[in-house]
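S.K.: Got two chains here, each in a separate frame; can you build the complex from them with the hints?
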Amino acid sequence: MSEQVQNLSLMGYVRRILPFSSVDGPGNRTIIFLQGCSFRCGYCHNPETIALGSVLSTDEVSLRSPEDVVQEVLKYRLFISGVTISGGECTLQPEFLLDLVKALKKENFNVLIDTNGDFDQAFYERIRPWVDGFMLDVKSVNPEAHKELTGEDNQRVLENLNRMVQDRTLCEVRTVIVPEWLDNTHTVSYVSKVLAAHAPETRYKLIRFRPHGVVAQFKGKTMPNHTEMEKLEKIALDAGLKQVILV
Amino acid sequence: MSNVLSIIQDPVLTYEQKVISLARAAEDSIEVLNIPAAVQSLRDRDILCDLFEGHAPYRPRYVVVNFEKFMKQGSKFLEIDPPQDLEEAVHALLILYKHIPSISTFPVYIGSLDTLLEPFVEDEEGAFKTIKLFLKHIDRTITDSFCHANLGPEPTRAGTLILRAERELQDAIPNITLKVSPASTEDFLRDAAATSLITAKPSFANHAMFSKEFEDFADGYAIVSCYNGLPIGGGSYTLSRLKLDKLSYEAVNSADYIERLLPEAIQLAMDYMDERIRFLVEESHFFESSFLVREGLIDPARFTAMLGEVGLAEAVNHLMKLDGRSGRFGHSQEADDLGVRIIEGMQAVVNGHFNPHLATGGHYLLHAQVGIDSDAGTSPGCRIPIGDEPPIHEHLLQAARYHKYFPSGIGDIFSFDETVKSNPQVVVDIVKGAFDAGMRYFSSYASDADVIRITGYLVKRSEIEKLRRGEAVLQDTVALGKGAVDNQHVLERRVRMRDGLL
Ligand code: SF4
Numbered sequence: 001m002s003e004q005v006q007n008l009s010l011m012g013y014v015r016r017i018l019p020f021s022s023v024d025g026p027g028n029r030t031i032i033f034l035q036g037c038s039f040r041c042g043y044c045h046n047p048e049t050i051a052l053g054s055v056l057s058t059d060e061v062s063l064r065s066p067e068d069v070v071q072e073v074l075k076y077r078l079f080i081s082g083v084t085i086s087g088g089e090c091t092l093q094p095e096f097l098l099d100l101v102k103a104l105k106k107e108n109f110n111v112l113i114d115t116n117g118d119f120d121q122a123f124y125e126r127i128r129p130w131v132d133g134f135m136l137d138v139k140s141v142n143p144e145a146h147k148e149l150t151g152e153d154n155q156r157v158l159e160n161l162n163r164m165v166q167d168r169t170l171c172e173v174r175t176v177i178v179p180e181w182l183d184n185t186h187t188v189s190y191v192s193k194v195l196a197a198h199a200p201e202t203r204y205k206l207i208r209f210r211p212h213g214v215v216a217q218f219k220g221k222t223m224p225n226h227t228e229m230e231k232l233e234k235i236a237l238d239a240g241l242k243q244v245i246l247v
Numbered sequence: 001m002s003n004v005l006s007i008i009q010d011p012v013l014t015y016e017q018k019v020i021s022l023a024r025a026a027e028d029s030i031e032v033l034n035i036p037a038a039v040q041s042l043r044d045r046d047i048l049c050d051l052f053e054g055h056a057p058y059r060p061r062y063v064v065v066n067f068e069k070f071m072k073q074g075s076k077f078l079e080i081d082p083p084q085d086l087e088e089a090v091h092a093l094l095i096l097y098k099h100i101p102s103i104s105t106f107p108v109y110i111g112s113l114d115t116l117l118e119p120f121v122e123d124e125e126g127a128f129k130t131i132k133l134f135l136k137h138i139d140r141t142i143t144d145s146f147c148h149a150n151l152g153p154e155p156t157r158a159g160t161l162i163l164r165a166e167r168e169l170q171d172a173i174p175n176i177t178l179k180v181s182p183a184s185t186e187d188f189l190r191d192a193a194a195t196s197l198i199t200a201k202p203s204f205a206n207h208a209m210f211s212k213e214f215e216d217f218a219d220g221y222a223i224v225s226c227y228n229g230l231p232i233g234g235g236s237y238t239l240s241r242l243k244l245d246k247l248s249y250e251a252v253n254s255a256d257y258i259e260r261l262l263p264e265a266i267q268l269a270m271d272y273m274d275e276r277i278r279f280l281v282e283e284s285h286f287f288e289s290s291f292l293v294r295e296g297l298i299d300p301a302r303f304t305a306m307l308g309e310v311g312l313a314e315a316v317n318h319l320m321k322l323d324g325r326s327g328r329f330g331h332s333q334e335a336d337d338l339g340v341r342i343i344e345g346m347q348a349v350v351n352g353h354f355n356p357h358l359a360t361g362g363h364y365l366l367h368a369q370v371g372i373d374s375d376a377g378t379s380p381g382c383r384i385p386i387g388d389e390p391p392i393h394e395h396l397l398q399a400a401r402y403h404k405y406f407p408s409g410i411g412d413i414f415s416f417d418e419t420v421k422s423n424p425q426v427v428v429d430i431v432k433g434a435f436d437a438g439m440r441y442f443s444s445y446a447s448d449a450d451v452i453r454i455t456g457y458l459v460k461r462s463e464i465e466k467l468r469r470g471e472a473v474l475q476d477t478v479a480l481g482k483g484a485v486d487n488q489h490v491l492e493r494r495v496r497m498r499d500g501l502l
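So the sequence lines, in the order shown, correspond to chains F and Z.
Quick note on our numbering: the first sequence kicks off at 1 and runs consecutively.
Quick note on our numbering: the second sequence kicks off at 1 and runs consecutively.
Errors might be hidden in some of the hints.
Unchecked claim - Here are the simulated lysine-lysine pairs, BS3-like style, with alpha carbons at most 27 Å apart:
#	chain 1	residue 1	chain 2	residue 2
1	F	K242	Z	K421
2	Z	K421	F	K75
3	F	K205	Z	K421
4	F	K231	Z	K421
5	F	K75	Z	K404
6	F	K147	F	K205
7	Z	K421	F	K234
8	Z	K18	Z	K98
9	Z	K98	Z	K132
10	Z	K76	Z	K98
11	Z	K18	Z	K421
Derived by calculation from the structure, the hints in this document are not laboratory data.
One chain only, chain Z, in its complex shape (with noise of 0.2 Å):
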């Protein structure tokens, strides 16, 4: 229990994030699910890894609400009767907010807060003061930047007020997603990313592609944690992921990985989800015992589960190098085909597979991983290492390959140069274009900007700062954010439309 007496002893920590640590080691300290030794040794090889989730899941990863109906209905259990005005609206969300469980112990989806709000927006003046008040605190009391709020697709006046509001106060959470299809107007895009430029928020995300994929899904999907996409009403129970460049590093040539290595360390990635998903739905009791489920804000029906990876531009260069040829990811046609043959043996595995508690047909959704903090060397998702990044126009059309096999998450990220703020409608016309040419979800922020995304989440560079001072923070996600700083030179992103440089 040493690991006990150094969380209660460390200087920076402040007293929620160590009962939040304190609670992570007391899950540690049983061992209740049932590993079988390849599955460990693979945990053992870093190849998989369950993103500190704990070894005893009692609640799922990500919780996705559904906050339409909470509005409805209010809750029971907390006593809260449907909102009529503005006011107890964002009173309501707010008590919400605090009972919502999830991995970070915070939301990780707060809802599509324009249309929740717009019925009760009346004179705007005094709406813009209540939301940008309701935003800031929950920058303040949700200290995790994997809190997603959505917007759109219509353009609305809370939508409008929201990203106003946003701009002034350039805070880290929540994280927002803009989702856009035909019904978001140019001035509303236009909106959105000039606000995007200056604050990193919001992302844009593929409405059409997303829609299609959870048609099933009586109440749609939302974008959650850094891009997530899940089904309303549901979640996920878990995310695992697998290093592909690690995994690369045991195969004799491209073949072998594809053929023998790759479909082995996804069975057994599957297997070990499969078995904490066992124990959250048969032995933890979570979903017999939350008022959640009870009041029907969520469905155990609704939730499925993601599989994770990361380092396909690392795995495709090493076996590009085993096979002889000399291409490098995000530059040569050959071996951008071949990681695309990686993600389609990925899913081809991953189909296969059937687990009855998937909402998603009883298969695994697959994830385009962000990284960890302590990641070095390995690129997030199917993301171009940065520092290697092509122009913009040739990067757009390289991801936009992979974005179709990633229903539950992948996007790519673009730092412009100051002087687009000026033209914002450059951002949406490269964001449409992105679309069209079948990306699911773009990020952008202005080389300036103090709030930054890093990989998937947003920091303040000011706060990393103070971290490195050695300064306590309010948010958690700073700590990794200075990690990818330090691990993956995320301040080092290509900067886009500089001086004729693209």
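Here chain F stands alone, though its shape is the one from the complex (with noise of 0.2 Å):
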């Protein structure tokens, strides 16, 4: 899905704010999640926030100005390290994101960008000034199995990959682990390997497939098991990573 909300610059659809969050970057941040994604990955935990446009309900979802979700989340700022802007996919609402990401900077918050990498080189351009580092998924290095798990190709990811570690505003990277489906082994150890090259320190988070709360062709799926985790651990440490955190 490439569509994308135009004519909304100051407003955007706002699916939660979690006031605080222990997983989603450094410290205890608040958490913005926006609605809308570009992918429909088989395994999202979050389906309800992948729509966006006419279908909305207005109980889930907000149509809010960056000012308004700014003023909710300096409640929380004496006890936050910062903020990370999720999703869906943020990046899809991107002149409200740019908007939000300024006026975040404007009260001097810590800002991170959760985001599956589906953007172009003219947006990355845009938004980098304005925040501290991004935090990518990589769900798969093979464009087949990408396109069949999210719907899209995965160049613009890889590319953002490449792109965000060569300039070190890369803080964290994800990737789910399906077992028996995805080429775990190989999407990991190409992520460790780009990581290694230029910024070994940045913390690789392989998580575990849950079978829980996913699409019925999902559902059958087993979680990957402690050898399993454990192996791809090892590739990763191998590579020469400092971080790796299975979850």
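M.R.: Here is the structure:
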């Protein structure tokens, strides 16, 4: 899905604001979940965040201005290291996202972008000066598998991975491990190699696939076992990564 | 004296616990205090309680020895020279600990261990071994978890070694507090936060707040027992508490409570404590006979005493109903405002009373008491009842409103999801924010820890299970912990930051 919300540079679809989170970047962070995603991952745990546009129910999603969002986040300021903007896929509302990060920066918040990496270089260049880093999902390095999992190509994701690594704007990479379906070994080796070359201290999170709350096709798939996770962890560590985290 | 026989025949108490219980029974066999009928009636109605201090005060409840002085001068009475190296330092301290009186017979304060030991740390691995053994010795011989060590605010090698040892030992004793100030580095705070998630200590104290309140005392303050701020080189003669909820059941409405019942009850509580202090200071000869006084390790001019309260939440909820209002403590501005009015009322009455023996301007200090094992349906101090806690960001701001009134101790406890262990900066961020918001004291542990904070003190869940099976346990506080688990549901404390729930 490449539909983007145009003409709404001042307002954005916000799913939810979580005051505190310990798993979305360094320290305690407030998470702003924007509505809408360009992917349709089979294992998505928040499929309700995918749709964008007229289908939305106003109970669950609100159209808000950046200032309004910042006002809410300011209530938590005393207690947090920063703010992470997540989704869905937050870059699907590019103009709103830009206004939002600028408004957050005006208040001196540390701002991270949690993304599936599906945006082009031009947008990367525009947002980069306003954020402190990115947290990127790399779902699969194999283009066909990626397409089958998400409905979209992974070329932009991999370009962004390389770009962010070289720029040192990457704060964390995540890969969900689905056994017997994705080529996990290939993806983990590739990501580890790219990270190790320029930014071996970047945190790499390997997340066990969990079958609850996912679409029917994925319900039958199994969770990776301990041995498999440790094997992948070892690949990443052997590549020279300093922080590999199993979740 | 049937009590004496039942103590002797008790199948679960250790020998040491029996000796202490027998001493209590002996003390309680005499009546030396002059207790007016109105005071006795308040006690009989379970509104005023002296927390089993006994019938004849012969030592202060809490003694806060000036260990810095002891390290410099040693002790003539104990025939100890000032220590010259780490081994001598820990031995000197361990010897002194056995001679510090208290209500529990065990010292409630064992010093700012990091700064006391830091001058003697040379080779770090060697020092680590000594420090770990020292802490283990404390856990196994001071068998009461109201024993409290302090750390900070500055980072030290000794402080870091103590935290590391505690992570490895995972013992309930000693309780530990880190005094937090801008001098505490992020690394040190993170190390402490990580340790607290594993073994429920250290807790964090707002150093700026406590320092200001105890600025008239040359050696500052220490955190002792559960979380009580008291002057170093002094202590607290006594502590009695009022059950604010029990008292509220006698009120017509909140105005009647605040204007009539509460001032009367507080006055009677202070009269009762005045009498306890009179006997202790003027008749027991403690201050004339103790070598601690003779050698200047404590000074009667630095003793004060505390008026405790419990059950604010339940009192507020009951009074709101009497007033025909619907708000609940911790969830409604109106209810929380009523809580503040009650505490401000207490403060006014307390500050209007003068007792020349009290080093804190002649006034009692307010203390948010953590409750006792048998309390059921009465929340500690100003805490929101377990099971009714709001999300943490709201909880912190709510609690912070009450902390400034309690120089001699108040605090809240937060149980975090295990995932927070891999990001201890979360706890650091929250502690700093809480202190900026006016909180005085903060405790944390992860929901899967064996050592947990019951209400102010620490107990191992595994020891509670032993006691449940009828086995003897070394530490007397395990029984208290078991009571609190059964009556106050402390294992059901809201787990923070699990699956997006705060
Ligand atoms: S990218 Fe994330 S939000 Fe979008 S569908 Fe995939 S898992 Fe769900």
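S.K.: Hints first: check each against the structure and report whether it holds.
M.R.: Comparing the hints with the structure gives:
1. F/K242 - Z/K421: 18 Å, holds
2. Z/K421 - F/K75: 25 Å, holds
3. F/K205 - Z/K421: 15 Å, holds
4. F/K231 - Z/K421: 23 Å, holds
5. F/K75 - Z/K404: 21 Å, holds
6. F/K147 - F/K205: 22 Å, holds
7. Z/K421 - F/K234: Since the Cα atoms of Z/K421 and F/K234 sit roughly 22 Å apart, the hinted pair holds (cutoff 27 Å).
8. Z/K18 - Z/K98: Holds, because 18 Å separates the two Cα atoms, which is no more than 27 Å.
9. Z/K98 - Z/K132: Holds - the C-alpha atoms of Z/K132 and Z/K98 are around 19 Å apart, at most 27 Å.
10. Z/K76 - Z/K98: 16 Å, holds
11. Z/K18 - Z/K421: 40 Å, violated
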